[in-house]
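Participant: Sequence:
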Amino acid sequence: MAMGISTGGRRGRRGSRRAPMAEINVTPLVDVMLVLLIIFMVTAPLLTSAVPVDLPDSRASAMDQEPDQITLSIRADGSIYIDNDPVALGTLADRLAAMPIDASGKPPLVTLRADKALDYGLVMAVMGELNHAGFNAISLVTNSSVSAP
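Numbering of the sequence shown is given in the numbering used here, commencing with residue 47 and proceeding in unit increments.
Treat each hint with caution, since some may be false.
[Said to hold, decoys possible] Label-pair ranges, simulated between beta-carbon atoms:
1) Leu186 to Ala68: 53 to 59 Å
2) Ser125 to Asn71: 50 to 56 Å
3) Asn71 to Lys152: 48 to 54 Å
4) Ala90 to Asp165: 30 to 36 Å
5) Gly151 to Glu69: 57 to 63 Å
6) Asp165 to Met79: 47 to 53 Å
7) Asn130 to Ala65: 58 to 64 Å
8) Asp131 to Pro74: 15 to 21 Å
Just so you know, the hints here were simulated from the structure itself, not pulled from any lab data.
Note that beta-carbon positions come from the ideal geometry of N, C-alpha and C, so glycine has one too.
Based on the provided sequences and hints, a complete structural model is requested.
Facilitator: Here it is, written out as structure tokens:
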């Protein structure tokens, strides 16, 4: 780096002027951003739901997720989960009645994740409990597939 040399015999602030440094090293910034991108790409699918369910295949397009939605999961053994909390079948109606309602008076959107090996009657019984509790907006979750049955 070159230093300015005063040539008029003057000393002090006015005599020695330095050129401003116009370089910024962006390599560490890019490295950190790429690491953060990889971390978010790996963890984002894990944040959706922790209950393992073998979903059926469908060619339906994906819908947007809402921040205040409730995820109801039914595993292959018939166990039911609200978000990640297990629920006994007899207490499902009570748990649904205790769900909070937003300021407009509408209940939150419910996404239903049911295992593809389940009996159709159990899924319909859970959907009937949802409807009885006032949850009329129910989204069924599937895997996206190019060739669905």
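Participant: Next, verify each hint and record whether it holds.
Facilitator: These are the hints, each one checked on the structure:
| no. | hint | in the structure |
| --- | --- | --- |
| 1 | Leu186 to Ala68: 53 to 59 Å | holds (57 Å) |
| 2 | Ser125 to Asn71: 50 to 56 Å | holds (54 Å) |
| 3 | Asn71 to Lys152: 48 to 54 Å | holds (52 Å) |
| 4 | Ala90 to Asp165: 30 to 36 Å | holds (32 Å) |
| 5 | Gly151 to Glu69: 57 to 63 Å | holds (59 Å) |
| 6 | Asp165 to Met79: 47 to 53 Å | holds (48 Å) |
| 7 | Asn130 to Ala65: 58 to 64 Å | holds (59 Å) |
| 8 | Asp131 to Pro74: 15 to 21 Å | violated (42 Å) |
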